[in-house]
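Protein chains: 2
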Amino acid sequence: MNIETYQERIGCPLLRERVTSAAQAAELIRDGMTVGMSGFTRAGDVKMVPAALAERARREPLKITLLTGASLGNDTDRLLTEAGALARRMPFQVDPVLRAAINRGEVMYIDQHLSETVEVLRAGHMKPVDIAVIEAVCILESGAIVPTTSVGNSASFAILADKVIVEINLAQSRALEGLHDIWIPKKRPMREPIPLMSAEGRVGTLAIDIPPEKIAAIVITDQPDSTSAILPSDAETAAIAGHLVRFFENEIEAGRLTRSLLPLQAGIGTIANAVMAGFCDSPFEHLTMYSEVLQDSTFDLFDAGKLDFASGSSITLSPQKSAQVFGDFGRYKERLVLRPQEVSNHPEVIRRLGIIAINTALEADIYGNVNSTHVAGTHMMNGIGGSGDFARNAYLSIFATKSTAKDGRVSSIVPMVPHVDHTEHDVDIIVTEQGLADLRALAPRERAEAIIANCVAAPYQDMLRAYVREAQERGGHTPHVLEKAFAWHERYRRTGSMLENES
Amino acid sequence: MNIETYQERIGCPLLRERVTSAAQAAELIRDGMTVGMSGFTRAGDVKMVPAALAERARREPLKITLLTGASLGNDTDRLLTEAGALARRMPFQVDPVLRAAINRGEVMYIDQHLSETVEVLRAGHMKPVDIAVIEAVCILESGAIVPTTSVGNSASFAILADKVIVEINLAQSRALEGLHDIWIPKKRPMREPIPLMSAEGRVGTLAIDIPPEKIAAIVITDQPDSTSAILPSDAETAAIAGHLVRFFENEIEAGRLTRSLLPLQAGIGTIANAVMAGFCDSPFEHLTMYSEVLQDSTFDLFDAGKLDFASGSSITLSPQKSAQVFGDFGRYKERLVLRPQEVSNHPEVIRRLGIIAINTALEADIYGNVNSTHVAGTHMMNGIGGSGDFARNAYLSIFATKSTAKDGRVSSIVPMVPHVDHTEHDVDIIVTEQGLADLRALAPRERAEAIIANCVAAPYQDMLRAYVREAQERGGHTPHVLEKAFAWHERYRRTGSMLENES
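Heads up: the sequence lines are chains R and S, in that order. All residue numbers for the first sequence refer to the UniProt record's numbering, where the first residue is 1 and numbers rise by one. All residue numbers for the second sequence refer to the UniProt record's numbering, where the first residue is 1 and numbers rise by one.
Just chain R, with the same shape it has in the complex:
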């Protein structure tokens, strides 16, 4: 490692003597502590200290409460879980090993709306953050920390913690400096409006301002971010994108939107990414994004000349896209900003700007309630993430899913979802490869009709119609046959298929 290089990245001379090994820095973290780490959708997470911490936890009793922005890369959640170091974890995760521990009840997982974690901390509704561990491009002369490919909750963790460990990552380009806009709300009741009035607005500082004496240790690394594991578009995701493009064309035709639509948000993952990429071949222009994670599709849209500006809280790319974008970052930088997730996901800003929110459903029911998180209503997949922040406050809340899973043995549209993340009030559009159901201003019985007619794969359509008929005979605003509401899930559990004749 080039000593010159990392010293240039510590602008505050006092702090240069705080450089130490990851193992030494990790010693600052003690059993029972609450630790706030940088990292949002694998981007900008700390790499060295958590690995050293996991190493230590294999030798001595050490259990922490771990808070992050969202998901981590570099197998951090796996390493900490396997070392038995996680007592509690929030607000989001995607790791299979951690997921299994959560579902066994071994790690207490608090799945949160991503805009709310630091609000809960600031209000004292949970134990305070003892120590923050933040990845940085560099530290400025003032001691201010320049984050890397995500902001997430890093700024508030650093502000609220007693001590801060900084990981300076030489693999993160200095070109990232200037990308961030750090704005932190005051404690209530002194809170003021967020002055942000457009996706491209800048209202904060370029770095995280904290007293330099709080920086207790600095660790140097050159380990790159984990890349995203997004799948390529397929016929079904292309069909979903096509339905949405046609829907928006109609909205423009009706005079409700212009060709630049309104600022777009897209959830994490393959489907939302494919939908956004589908806009490359669309009549829309001068688009903007006000989202949380900027994925490959954001840069596809830039390259297609469709997108004017993108605001997010992190940048998470596939290996190829990552090489392209960070290899020529100057080409994009002026059209990008990364914000704290409290701002990127803030109800106030989302409602003000009028976001078009596109998120992914695990399953939806005939009335439009959405399950984003719990397989069979019980087993956590990842977490609600920011979908609730956006869906509740959006101009238009869209949920996309393929109509079936498991080679058709599971329908993504069911009589009743066994776990509700988004109630029918927060779901305007459901779209599958089959078609699009426009649920705006419809009553529940009408919503059921629209969803069944447009979104459901053939073998399940008749089954749902039969359910609705029986339910309506019993009556009610939202008719159900409670003792049969979960029969499909129960059948899948017993036979491996929701279909009636497969057992």
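Misleading hints may appear alongside valid ones.
Note that identical chains are pooled: a pair holds if it fits in a single copy or bridges any two copies.
Said to hold, decoys possible - Listed next, the in silico DSSO-like pairs over lysine-lysine satisfying Cα-Cα at most 30 Å (straight line):
| id | residue 1 | residue 2 |
| --- | --- | --- |
| 1 | Lys321 | Lys402 |
| 2 | Lys484 | Lys402 |
| 3 | Lys306 | Lys321 |
| 4 | Lys406 | Lys484 |
| 5 | Lys187 | Lys306 |
| 6 | Lys127 | Lys187 |
In short, the hints are calculated from the structure, not lab data.
With chain R fixed as given, assemble chain S onto it according to the hints.
Positioned in the frame of chain R, the structure of chain S alone reads:
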């Protein structure tokens, strides 16, 4: 009726010739129209035109879409339902006859977050309002309309409609003039921050500014508002209030709140009213309210010297309290403001001010999901109202309910709610007469433990523990036994009791 009196209430001379009968005014409303009427929790609703409309609908084909602020008084919903005049109804209702028609699927009811109705209209997500019918104290010289005991959606209905009918109500005191603060957001993407920074702030105008030529008819009435049907406190509501007072004393002790707490919101109805009245005998002082409906308890708190200021969207009182308050309104007026429900319930303001939200649950489940609306998951009671606007964005979201209903044959805490209005993410505290479960920063399995230990009536506690044991054997982050999740509701349907030995 005194001709002098009503003419004094029409400041714009041009408009005096628009005074007509209710029947004549109602002729402006035609079959198929969308009509926006004033009225929020029975307060400030129009009385004459809807009755004339119902009368007409008995003689000729006439079906409308009716939008209001919230519930209406004066049997308007019953009269219109019985006359077959309601095709569609939103966003809230409480009438037994309308409720039955909704549950038979005869009236299409769109149950909405109360902050969102005019947002949906403004965005063009539903058919526009053809005509607004608004109760007024008076019309100013400019043609601006001074609303009465509620603002609700009146201002936006009047602004968005092609024509406006005004009902001037001589039974509403002119002392109400000056009470209102009308602030309307701009259409997106030109939307600006709501400049409101405290419950007592004033940011708008005193009346609803519209071009006077839009006022197509004026009807005069002297029919008073319907009063509230709130029940008196009983031992159980007093116990609920007691648990909450002790909880807040502990929060003050812990340094998280001061004796003036944070602005309070209380939902509609007996339990929330009783909880607020319970604060009259508390150590708290200089309280403020930022709520939607101001009920008897608001004025009890004023009279007890506990409350400094109350912001709402309507005032709905019992007959006795109404006589006292409106008989001496000057005593309270400077400490009150009524706002559009879009502002009183706005996520932006609720999150900024840090509201303590106290709402009523129909039932809650062991993980803290709340059903506020659907009896047995199917039959609409009233509607979600503003509870979601507040619960999602509150500093602290509290749901109160008695632990049982129907003489103990129904438990208000169940394994799984068959309809979710508020997900576990939006529920911090559940309180019954049994006790209070503090769910902050708890994982689902911990939430279940806290709720069962604190909130559940004796016979149901063991039943829930048995359910949890069986569910945990199956595993999962949020353990359930899907085929038994609604067994209690099913048993009640069959036997009239959720208890196991009653059949």
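Hints the structure violates: just list their numbers, smallest first.
none
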